[in-house]
Each structure stands twice: as structure tokens, then as C-alpha cells.
Amino acid sequence: MEPSKVESYDPKWRNVHLRSIYKEAEEYDVGPLLRKCITLSSLHNLLLGQDPFVPSWISVDGDTKNPEFWIETLTEVSARSREYICASSASFHDLLEGRSQELCTSHALAHLRKNMNLYSHSNGTPNANGKRPRSDTNGPPLGSPQPTGSSPKILQKPKLTLKKWLEICNGSRTSWKDIHAEWNQMILRSKSAKIKSWDNLERNWEPQGLTLSLGYFTDITIKLARKCSSLISELSRGRIGSNNAPPPSYIPLVRGLDNLWPAAKNTEFERCIQEVVHGNFRPQATAQLLGYILELARIIKGSTITVPRKSQQAELKNAEALSRRQARQFKEEQLEKDIKKREELCRQAEEDFGRDTLALDDERASVDMVSAKLREAQAMCDERESTLAANEAFCADREDALAAKEASCAKRESALMVKEVSWTARNGTLAVKEASYEVRQGTLAANEASYAKRLRVLATKETTFTERWDRTAKAELELRKKLETYEANQKLLLEGQSRTKNGDDSHARDKAAMAKRETANMRREKNLAEREQRLDAQEKNIMSHRAWISMKGNAATDREKECATKEAEFKEREERYARGRRQ
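Each residue of the sequence shown is one higher than the one before, starting from 423 at the first, in our numbering.
Don't take every hint at face value.
Restraint ranges, calculated between C-beta atoms of paired labels, are given here [as the list claims (entries may be wrong)]:
1. D819 - F887: 46 to 54 Å
2. E947 - V792: 23 to 31 Å
3. L517 - R777: 34 to 42 Å
4. R786 - D932: 42 to 50 Å
Derived from the structure by calculation, the hints contain no laboratory data.
From a predicted model like this one, the values you see are computed outputs, not experimental measurements.
Ideal Cβ placement from N, Cα and C applies to all residues, glycine included.
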């Protein structure tokens, strides 16, 4: 990622004040801020007594004053953040810390490499003329030129500045949502742009992500400095001053090192801590403090494990440096492969564009052929008009016949309703009789079970009828879709005819009227077909209902006969019983 890329956001972010602060963020060197944050984080762990207090991704044997050390460290942080983002399935807002870390480290690496390139060019080998290259002519400056077409007066006095934004992030924010809310408050107070929604942060991350990340890490750095200052105050309370010997260190891990960490070095170390924690964040002071912390980590590590020989240490350092170089080379090779892959995709896209151009020419030729065919089809439209007139007359006759059929169906349905009411009354009477017969004879339960079985058979038949009804509805839906497709094709045909005739208004009006009549006739045919289907369905329903009522009546008649027979049997048995008692 290179700085000075704000102009790429111009189509989307047309606000000059936002462009100004985004441009400042692109040109801002975030490397010192990240170095402060890393140093204070390690110091905070050290003051808390945590072991290890140096993160695993920092080389303990590195030289903090060497730019290569920071390139390796920031590359490792960026790679870890990228792997974490790719491996995690959390939402965008839950991964904001990792995304901002990856974005800031990549930005810092770009600035660091650019500064190293500028330094190497300014101190490079002589050119062909025997002169060294000039720094003012070799490569673009850090600040990009003013974009063309923008107002100089507006850009000279922007309402939104990066300095103001970083001053607002003073260590009092507790989450990313608070940072975003403070960003909107700054925009609202300046009245320079519209506020950005928290839900749309993912869509707006590309232009404003770096600016918000700078505020986030500034806030974290100030917060870590305050925590370290508070811990130093607490740890320093128990120190006893003496004129003969220096006071013991307030850091618990340093007290147990005895002669491994001399008192003079401890005094210099604590002075450096006080200098950095109380606001003197010079690059040299930050690098010096982290160097002391790494040296302390090496001493603690050497006092707890067996120290290898110097030759082995040199071999280990060389192996670690080789592995880091190989990892960096592998990443560069992967980047080169990605670039080649994108170039191949661009070439394929150009070839596809050429093929699409040829296909467009072929399509234009086919349009000319279609225009000729449409002129031939015009003659057929006149013949279809006479056919449509005959169809209209036929449809009118069918409508009259269907109206009469509907009236007869309504009469038949009302008669069936009356008949159903009468059968319902008879069923009520039978229910009363069945209640009296249940007391006298338990065998009627078996008959009722058989009746229930027959009802289940009827229910099965009704289910079959329902499935047939669904299939009919699906067929009707398919016919309707085909009709709509046909109407759409007819509409496209009419549009093509209107384009090819080039202003033949009279012919277009005749054709439109003919299309309307055809559409109306088709709609009427569709309505007639639907009404016929509904009538057929009603007839089938009436027939099935009549059959069901007749079956129910037959069953009720059979039950009445059985009840009468059983009643006669009961009377006969009662008479025999009475005669037996009299005898």
C-alpha cells in the first residue's frame, strides 16, 4: 500500500473536507505511533510482572535502531492479523481491531520501505554521468500534487484536519463504536459533511478505515501510557531512599536479577521509562526503551535456561535471519504470482471484449434480417384481423351458452343444499335413536367402527380429489405463464415492428389496435376457459357431493333397517321372557 491514493476515492467521496483528511491520513507516517504502542504494551506487561512480557512475534535478539528489525516486526504483525481475519468467521464489526492493525502495519511498512528507498537513492552509486542522483528529482515527494479541478481556497483551509482528529482521541474511548461516534461528532460540529452510519462502516471502510484506525491506535497508545504511569506510581511508593546505595528497582522482575542487571543500567532504564511515559516520545527514546526491554528479556531468558556457546548463538541468529528472509521472499513470490494472475485475467477480459464486439456486429446484421421478416409478417397481420373478428363472434356465443350453464348449475346446487339439509335432519334423528340403542345393545359399536372405516375410505377419495384439483391448478398456472410469455413475445414483436417502420404512424395505430383486439380476445378466451374449468369443477364437485350424500343416505337407511330388525328381536325376546315368567 502506497501513500497518496486519496484521488481514487473521488467518484465516491466528493466532499473536499473528507478528501483532505483522508489525504492527510495517507501521507501520515504511522510507524512511530505503532512503535510507541508496541513499546508501551511490552512495558505494561513488565510492570505487571507478566512473563514473558515481550510478545512472541518480536525478535528478542533484534536491534531496535535498525530499520530491518521494524520491517520484520511489522511484517509479522501484518501477517498474523491477516491470517486471523481470514480464519475467523466473526462479523465485520467484531474484527475491526484486527483489520485496523493490519491496515496500519501495512501503511507503516509502505512508508518505511519508501524512506529506505529514498535514503538508498540519495546515498546510492553514481549514475552514467559520474554523479549521484538528486533526492529532489528521484521519485515523487511524500505529498501528492493538488488535484486538478478542485478549489485551492477550500483545500487551504479544510474544516477537518488529521491533527484535530488525533487530539480528540485522547485515551478516553472504550471501544471501536465510541471511536466511530466521536468521528461523527467531529463531522457534525464542523458542519462539513454528512455523518456516517455505524452499520455502513464496512461499505465505507476503504476510504475512511485508515483515518479511524489512526485515531484508534492513538487512543490505545495514550491509554497505555496512563496505565504505565499509574503502575509506576503504585510500585514506587514502597521504595526506601538511601544516600549510600541506589534504591532498589520498583519492577519486581528486575529485583531478582542481582548482578545480572547492574544498578547503573537500572538507573538509566528507569530514567528512559520516565522520559517516555511522561510524553517524550522521541523515536530514539522509544527505540532505546524497547532495546532495554529486549535486553532484560534476554537476561531473564538466559538466567532460567542453559546459555549456548557464542558460536551456537551466532548460528541460531543466522538461521533465524535466513528463515525470516525466506519467509519474506516467499511472500514476495506469492505477491508476484497474484500480479501475474491479475494480468492474465485482464488479458482474458480484453479478449472477451473483442469477442463481444464481433457478436454485437452479428446481432446488428440479424436485426436487419428480422426487420425484413417483420415487413413480410405485416401481410399476415391483415389475414389475422379477419380471423380475430370471427373469433370474437364465436366467443360471444360461448359466453351466452356459459351463462345459461351457470344458471342451471346454480339451481342444481341450491337443490342439493336443500337435500343436504334434509339428510342432516335425518342424521340428527338417527343419532337420537342410536343413543337409545347403545344402552340396549353393545354390538352397534362394531357397526359404527365399520361405518368409520367407510368414512376413512371416503376421506381417502376426497384426498385424491384434492390432489387432482391441485394438478388442475398447476396446469392452469402453466397455461397462464405460457399466455404471459406469448403476450410478452407479441409485445416485443410490436416494438420491433414500430422501430423498423421508421415513423409509419398509421400502420402503427392499426397494428396497435389489432394487438389490443387480439389481447382482448385472448383475455376473453382465457376467461371463458377459466369459467369452463370452474363449471366443470363445480359439476364434478356436485356429482361427488351427490354421490357422497346418496351413500350417506343408503348407510342411514341400512342402519334404520338394522335398528328396526334388532328392535323386533328385542320385543320378541321380551315377550318370550314375559311368557316364561308367567309359566
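Hints and how they fare:
Taking the beta carbon of each, D819 and F887 are about 32 Å apart, not inside 46 to 54 Å as hinted. In this structure, E947 and V792 meet the distance hint of 23 to 31 Å, their C-beta atoms being roughly 28 Å apart. The supplied range of 34 to 42 Å is met by L517 and R777, whose beta-carbon atoms lie about 41 Å from each other. At roughly 28 Å, the beta carbons of R786 and D932 sit outside the given window of 42 to 50 Å.
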